[in-house]
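Enquirer: Please build the complete structure, drawing on both the sequences and the hints.
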Amino acid sequence: MPTMAMEVCTTGYKFTGKERDTESCAPGTCLDNFGARFDASSMGRFMSPDWSAKVTPVPYAKLSDPQSLNLYAYVRNSPMSRFDPNGHIDCSGTNAQGVGCQAIAKWNTDHGIIPTAKKSDFPGVPVKLPNGKTVPDPHSPTGVMMAPSSDVSDVAAAGKKTKDVVDALNAVGPATAAAALAVALGTNVGTGGKFDDQRMGPQTDVLNGGSGFQQLPQFRDVSNFNVGLFSQQAGMTLEETLQTAGEFARHFSSNYSPDQPYGLESQTADFIRIGYHAGETAF
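Numbering follows my numbering, with no gaps: position 56 of the sequence shown is 56.
Just so you know, the hints here were simulated from the structure itself, not pulled from any lab data. Please note that the accuracy of each hint is not assured.
[Said to hold, decoys possible] Simulated crosslink set (DSBU-like; lysine-lysine; CA at most 35 Å straight-line):
no.	residue 1	residue 2
1	160	133
2	119	133
3	106	160
Every value quoted in this text rests on a predicted model; they were computed, and no experiment measured them.
Expert: What follows is the structure in structure tokens.
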């Protein structure tokens with residue numbers, strides 16, 4: 001009987017920038033840690049079924065889409081057009097459990113706003129930097145930048161972690177590192193990403209035009225601030241940050257302005273710069 005060869009695993013970040021778990025190697029496969037579950041890239045599927053904090057028979061499934069009923073599949077078997085940030089299918093993941101998101105959910109409940117409503121007017125709280133200062137914002141009714149949560153240190157921390165991953169992957173090859181950076185930008189500060197505070201809902205809604213997002217336009221400025229902060233901590237230059245933000249806007253946002261520098265509205269570009277400079281001075 002033929003024997004299956006043991007795959008050689010090395011410590012590092014592999015498929016979509018996820019860490020390859022050297023302790024989970026078995027004959028023929030090594031597993032990539034997505035947080036909620038482990039994925040076997042050699043098999044093209046997760047090793048355990050999807051799950052949710054609230055018990056439900058088929059988590060995150062859409063009954064009109066048979067592919068979503070497969071709880072072991074990776075992004076409905078469409079890895080060229082979709083990505084999975086944390087091991088859940090069509091889920092905003094830890095975003096829903098964060099302090100800010102919990103505050104929005106409570107506000108919506110208290111004010112009779114259903115989860116599927118297209119807009120919430122939750123006012124938020126002033127953002128405070130590590131030095132205790134707020135960020136001036138002429139577009140805010142309070143005069144300072146507001147957000148679902150006052151603390152943006154998690155944005156900076158995610159950017160620093162991304163830099164560590166990208167630096168490690170540069171040893172594998174610049175193309176691999178660039179791909180990991182692009183995925184990290186998209187899942188964290190891209191349209192519907194973890195730190196895109198102006199949109200609530202599964203990021204996969206980007207693929208159908210964002211029709212499922214709950215909009216919070218009052219947090220537009222902090223969302224762009226987060227783009228600058230994350231990118232600076234991830235090791236990008238300001239020029240690279242603005243260029244990349246323009247490309248993301250061109251593909252995924254209705255706010256793309258081709259007649260403006262970088263394709264960004266001045267308000268958008270201004271707060272990306274403010275966030276970037278905050279990363280240089282306050283974190």
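Enquirer: Can you name, in rising order, the numbers of the hints this structure does not satisfy?
Expert: none
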